[in-house]
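Chains as they are written, first to last, in the working numbering: chain A, 1071 to 1390; chain B, 10 to 416; chain C, 285 to 576.
It is possible that some hints are incorrect.
Said to hold, decoys possible - Cut-off 30 Å, straight-line C-alpha distance, at most; resulting in silico cross-link-like pairs (DSSO-like, lysine-lysine):
1) B:Lys44 - A:Lys1344
2) B:Lys74 - B:Lys211
3) B:Lys354 - B:Lys386
4) B:Lys407 - B:Lys354
5) B:Lys232 - B:Lys278
6) B:Lys74 - A:Lys1344
7) B:Lys44 - B:Lys74
8) B:Lys44 - B:Lys278
9) A:Lys1344 - B:Lys232
Said to hold, decoys possible - For each label pair, taking beta carbons as the anchor points, the in silico distance ranges come out as:
10) B:Glu351 - A:Ala1219: 27 to 37 Å
11) A:Leu1091 - B:Ala301: 46 to 56 Å
12) C:Ala413 - B:Arg299: 32 to 42 Å
13) C:Ser451 - A:Ala1244: 55 to 65 Å
14) B:Arg299 - C:Ala435: 48 to 58 Å
15) B:Val394 - C:Glu346: 21 to 31 Å
16) C:Ser469 - A:Leu1240: 22 to 32 Å
17) A:Val1241 - B:Ala207: 57 to 67 Å
Because the hints were derived from the structure by calculation, they are not lab data. C-beta atoms are modelled at their ideal positions from N, C-alpha and C, and glycine is treated no differently.
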Amino acid sequence: MTKTRVLDAAVVVALVLYPLLLPGYLDLGTRMIVMALFAMSLDLLVGYCGLVTLGHAAFFGVGAYSAGILAIRASADPLTGLLAGGVAAAILGLLAGTVLLRSRRLTLIMLTLATVLIVQETANRMNWLTGGADGLQGIDMDPVLGRFAFDLFGRVGYVYAAAVLALGFLVFRAVVDSNFGKSLVGIRENEPRMRAIGAPVDTRLRIAFVMSAALAGIAGALQAQVTEFVSLNAVSVEFSGEILIMLILGGAGRRYGAFLGAPLYVFMQDYLAKEDPANWYLWIGAMLMAIVLFAPGGLTKWIGALVGRATHASPLPGRS
Amino acid sequence: MSDNRFLAAFGALAVLVSAACGSAPAPERARKTVKVGIILTYSGAEASIGEAIDRGAELFLRVNKETLLPDIDIQVIKRDETGPSPDIARRLAQELLVREQVQILTGGQWTPNVAAIAPLVTEAGVPYVVMSSGTASTTRLSPNLVRVGFTQWQHSYHLGKWAAANGITRVTTLVSDYASGVDAEDAFTAGFTEGGGAVVSKIRAPLRSADYVPFLERIRREKPQALYAFNPGGPEATRFIKAYDDLGLADAGIRLIGPAAIVPDDELKNMGEAALGVISSGHYSAAADRPANAAFIRAWREAYGEASVPSVFAIGGWDGMAAIVEVIRQQNGDITLARSQEILKNWSNPESPRGPVEIDPATRDVVHNIYIRRVEKTGDGLRNVEFATIPAVKDPWKELHPDAGAS
Amino acid sequence: MRELLDLLVSLAFYGTAYGTVLYFLAVGLSVTLGLMRFINLAHGVFAMAGGYLTVTLMSRAEVPFLPSVAVAVVAVTAFGMLLERTLCRRFYSAPILDQVLFSIALIFMSIAIARYIYGPLAQPIELPAWLSGRISIGIGVFPAYRVFLIAIGLLLAVAIWFGIERSRFGASVRAAVDNRQMAESVGINVNRVFTICFGLGTGLAALGGSLGADLLPIHPAYPNDFLVYFLIVVAVAGMGNIGGAFAVALGFGIVDTIVRYYLPDLGRILMFLLVMAVLFRKPHGFAPRVHA
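Isolated chain A (complex conformation):
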């Protein structure tokens, strides 16, 4: 437990150190943070419940659009926006969860794909509200807590995003460490047995689904606020795939996977797209292939195993 605390503290230290070490890359850092929060929300489903989805951007996007539209039409207060994004995504999560959670594996993947396509198509058609393919423009956020105004260099944006991520992580940690979180892992490992011992599997999965959607919606709202822009891209299949990659890259169901995978992916993408704008997909693909062949389970597992082997021979638990 204490070691977990050390690692939790390391997350906070990294968030604080980044702007001090790399003050010129705050926009990149903010993107890393938003992606980490989003990947963390996905981890609840993929890592802890064992449900693979290629449609999580539906919730991110609904959160982003809700916060953006609210800022333009009613209130530009950032915290109200986060709340609105989370609530809107949770409602969609409740609806979608009811339909999707009857399926598993490939069928679930396909249905989540269909969900994100439906949401994207709807956002495209309602262009009087969402701006359609031109994107939602004209968001102008009020200062955070009425005091800190967003600046061109992204200083306030970074600190604000980092604070939201830290709070999100507290919630995530509380859920994962609770009995509820442990029962989700039980469902992931052996669903029939959990059903057999009378656990309310469907209800629990549905609750986890709604939580995950709400967290994704908050990440979306955060992105809309710090970039003051929402595009159809936020509800695309490609984006859903990317966030899944970030999570698996870091390691799903391993608590810190999102914190490693998302920044690494964002960094690689930024770096490779600069070096080789036309072919960077190849290098990202090759990196993923290397991970899946040589470090299955993601980087956190691989690093954990390396460190474990180097220090002492204590047996490693498979996941958690």
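On the provided structure of chain A, position chains B and C as indicated by the hints.
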């Protein structure tokens, strides 16, 4: 529970990140260098347009740089926006403006991306040359922005006028359901009905529609005189033409008309005979019979191979880079916003491969000829052959909506 | 009345042609998924590879259409078997997440490689004269190419049904799927069966990619663009329901065509909602046997 893994991981990341920062040393400057940032879509499904623009811009530098600017270096910094992704485009623009300190920004393949970038160039005080982005209102997004591409309204509004004046009275429209498609539909309808024609019905098909057949079957039964179509071009345009041919709409006497996007010069090869006779409107065709175009085509083939054909997007890249070089030349490499804007607003080239082209100082938008073309077989294979010219076309939308803001 | 009948016939025809292409693309995935439980999202990569090979043979080496298709299918099948032997095999018992990451990595790399070799534009395919134009088939006059697609689709469906349900090889496949240990103990070489099946699946994809190249143009983003459609066919048919895939693909093609004819604006959303409704009632699709 295993442990230091998280610390180790972040350590590794920090090393990577700091390596990236260290790898960009400032170049020593013996000669004057002007930094030009270009943001286009170099990867993904929409890369063909980005590649065409990039090749046009690069070819201009290759052919004319040494004659026009012998003493100044141009450093072109390329970034890949990956598609219509305003958030990524905005981040890249921020990086180019703040960290790379580019003095001129260009690209502008997608309207949403331009919209996201526009406030940044205004804030940073950098001129922004847009090489494509067909939405009429784009130029109102920033006073620093100049467009050398084209507008959907220039294409479709005048096609509508032309159709009405040439014996077509009943038309059905079929457009891809996104902003540009809706723009094109509005523009065509405006021009066509002003000319006295009637639009029988308007159909909007979802983007990347897997099969156009049901829509076309419906149109075949409506029997309009002509079908006005718009789609984003590329493989989608080919799929559309093939479906049009498969259903025998041409045999049923329904002519196909549309903006240049539905018969891109570089896709005609894929369309084959199915495209024969399609009438379109555009500001450039590779088949154009102008000396400047002949020289352009020669240089293009030399650089990119005999089979490669420049498209309407390539010409945007070429002329855009021409305007940028002019800005640098007149200021002798010392770029200021005010002077650059003056030069860009009054930029013109009577001898562009597309014919005479200039910027309207009042709107900062491109003014050029719109040609009505027909797909025909030539010595070079299928080509869009120009047969009518509407000279010096300003953007009709801005003339009809003098006060509307950027939407 | 006659008008309406005529309309329905042509909608059914075009829907069937569209469904047939979907079937080509989906049936291979149904094989690998049903038999090996391997979620291969990169299935479209093999279709794209088949298409590119056909196009290259035709334009660079001037090989006629059908021989080009045949060579492309054989080449992709061989490549698929090689890939199964070397890489895919490792993932049969791997967690679903690793399968997904593996196949996404494959998609990324193939998109980049295709773009590097062929550029971002779609590749043209010159159909032979006997496939262009329109022919009369009794119920109406239709494009020869689509008639040809439907005919091949029917032949293929029958062949696959016989291959799986009636042949000795099919019996060993079904045995290996139902109970691997039992199959091995009666002397079936399960590893070989899987290699052949994987090759078969990729070969079928290549067939769809090359035969359908005139309908679904071959371009670098191909593996992504049609992913959701063939996943729908496989999921609605249900795991391992290889015969059912044909019916589902045709049904989807026809319903989709009709919906779009009458409601062009809402067609896509409605189709996805319909698929959701079907799977809500039948979470395992129409599979006769339920595999987890």
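A quick look at each hint next to the structure:
Restraint check for Lys44 (chain B) and Lys1344 (chain A): satisfied, since their Cα atoms lie roughly 15 Å apart, inside the 30 Å limit. With a C-alpha separation of about 47 Å, the suggested pair Lys74 (chain B) and Lys211 (chain B) falls outside the 30 Å cut-off, and the hint is violated. With a CA separation close to 39 Å, the supplied pair Lys354 (chain B) and Lys386 (chain B) exceeds the 30 Å bound. The straight-line distance between the Cα atoms of Lys407 (chain B) and Lys354 (chain B) is roughly 16 Å, inside the 30 Å bound, and the hint therefore holds.
Between Lys232 (chain B) and Lys278 (chain B) the CA atoms are separated by roughly 29 Å; this keeps the pair inside 30 Å, and the hint holds. With a CA separation close to 24 Å, the supplied pair Lys74 (chain B) and Lys1344 (chain A) stays within the 30 Å bound. Proximity of Lys44 (chain B) to Lys74 (chain B) is assessed by CA-CA distance (about 14 Å); at most 30 Å being required, the pair is judged to hold. Between Lys44 (chain B) and Lys278 (chain B) the CA atoms are separated by roughly 37 Å; this puts the pair beyond 30 Å, and the hint is violated.
At roughly 52 Å between alpha-carbon atoms, Lys1344 (chain A) and Lys232 (chain B) are farther apart than 30 Å, so this suggested pair is violated. Judged by the Cβ atoms, the range 27 to 37 Å given for Glu351 (chain B) and Ala1219 (chain A) holds: they are separated by roughly 34 Å. Checked against the hint of 46 to 56 Å, the C-beta distance between Leu1091 (chain A) and Ala301 (chain B) comes to roughly 53 Å, which is consistent with it. At about 37 Å, the CB distance of Ala413 (chain C) to Arg299 (chain B) agrees with the hint of 32 to 42 Å.
At roughly 57 Å, the beta carbons of Ser451 (chain C) and Ala1244 (chain A) sit within the given window of 55 to 65 Å. Separated by about 49 Å at the C-beta atoms, Arg299 (chain B) and Ala435 (chain C) satisfy the suggested range of 48 to 58 Å. A hinted range of 21 to 31 Å for the beta carbons of Val394 (chain B) and Glu346 (chain C) is consistent with their spacing of about 28 Å. Between Ser469 (chain C) and Leu1240 (chain A) the CB atoms are about 54 Å apart, so this pair departs from the stated range of 22 to 32 Å.
A hinted range of 57 to 67 Å holds for the C-beta pair Val1241 (chain A) and Ala207 (chain B), which are about 60 Å apart.
When each numbered hint is compared with the structure, violations occur for hints 2, 3, 8, 9, 16.
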